[in-house]
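Protein chains: 2
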Amino acid sequence: MNFEHLQQQIAFIHEIDKVKYIQRKTRLFNSDRNENDAEHSWHLAVMAIVLAQHANQPVNTLKVLKMLLIHDVVEIDAGDVFLYDTTVSHTNTEAERKAAERIFGLLPPEQAQELIAIWEEFEAGETPEAQFARAMDRLEPLLQNVSNNGGTWREYQISYDRVVQKKGIISEGSQTLWDFAKTLIDDSVEKGILKKEG
Amino acid sequence: MNFEHLQQQIAFIHEIDKVKYIQRKTRLFNSDRNENDAEHSWHLAVMAIVLAQHANQPVNTLKVLKMLLIHDVVEIDAGDVFLYDTTVSHTNTEAERKAAERIFGLLPPEQAQELIAIWEEFEAGETPEAQFARAMDRLEPLLQNVSNNGGTWREYQISYDRVVQKKGIISEGSQTLWDFAKTLIDDSVEKGILKKEG
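So the protein lines, in turn, are chains A and B.
724 is the number of the first residue of the first sequence in my numbering; add one for each residue after it.
724 is the number of the first residue of the second sequence in my numbering; add one for each residue after it.
In case anyone wonders, no lab produced these hints; they're calculated from the structure.
Any given hint might turn out to be false.
The list makes no distinction among identical chains, and a pair is therefore deemed to hold if it is satisfied within one copy or across any two copies.
Unchecked claim - Result set (DSSO-like, lysine-lysine): computed pairs, CA atoms no more than 30 Å apart in a straight line:
{"no.": "1", "residue 1": "741", "residue 2": "786"}
{"no.": "2", "residue 1": "918", "residue 2": "741"}
{"no.": "3", "residue 1": "821", "residue 2": "889"}
{"no.": "4", "residue 1": "741", "residue 2": "890"}
{"no.": "5", "residue 1": "786", "residue 2": "905"}
One chain only, chain A, in its complex shape (with noise of 0.2 Å):
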């Protein structure tokens, strides 16, 4: 039997454990463990299972779950950018351009090309799957902050204002969760763990 095909696709999955050391600056819902970016991309994948039903418009939840399920494995070679940071251009770089060509250019070309496909459509947040994704990548950390006293609102010093300008991203794929996510804003706020100034 022939393997060659499902060789380069052994070799992708192998690639791709590199993101389990990938660390996010956030910690983990009740630690001071920071998250990897495969836990992370599983929560998100669990979270739109369960949220789906809150998106603005009808989503295909296989494709929501493959724009989780893949949209970070470019930091195996760009890194991840912290949301917060004033200095990194956070989307469709350049260096993560060439990075989804060469990881999932290890796929057979047909798949390489349906999965790089998937990622620029996440990246460019402009279909409702994509919306919808991008809003749960925007949800976990602001749960886990809730949770962690602060989290890194509070170990980098962000304010309400740009939480809110940052999180707003969310009611374009759900008005209803970002409707909550502004109480739990709020109540961080009235809670001590979030400033309304810098």
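Start from chain A and add chain B according to the hints.
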């Protein structure tokens, strides 16, 4: 706005963070660090996306992904059981059923029932989706052990016969993947990282 439904979903999302603390026996592909259940579940889900074309029968990939993403949630209460452990039952124990009821039971009732049913379908291993999902669950640690100079096979002195016996279930989900897995197992014997006698 009434967020009661959503509050239940958030409680579930919060609870399953604990999956990130559950250590497996198996180590990462290129590391001495043990893999945790969240990383494992993420990797299986991406594998399913990439390898679904090799399933014996066409599978509903969305259902396969749901199975893989939630299959280890019960281990929050019931703990991880090593595949080659001979002292503990592996399938659908009473502890696991109780865990499923408690943890999925945090969700709104209809969603809880759906996810418990999906978990039970995975455990029963009788549908094409469950068989393919279970093939992923057996294939990943095999790939890790091959990549890791024998990994848990060497560490726990697992013999060739037991590996073939335990991994043969891959063929129920995908004969192609089992044919491939056998070549890896045979190569491992030749390389001396898996022993014919335990």
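Tested hints:
1. 741 - 786: So residue 741 and residue 786 pass the 30 Å test inside a copy (23 Å) and across (26 Å) alike.
2. 918 - 741: between (36 Å within a copy, 29 Å between copies)
3. 821 - 889: within (26 Å within a copy, 40 Å between copies)
4. 741 - 890: Both. Shortest intra-copy (28 Å) and inter-copy (25 Å) distances satisfy the 30 Å Cα cut-off.
5. 786 - 905: within (27 Å within a copy, 32 Å between copies)
Taken one by one, the earlier hints all hold for this structure without exception.
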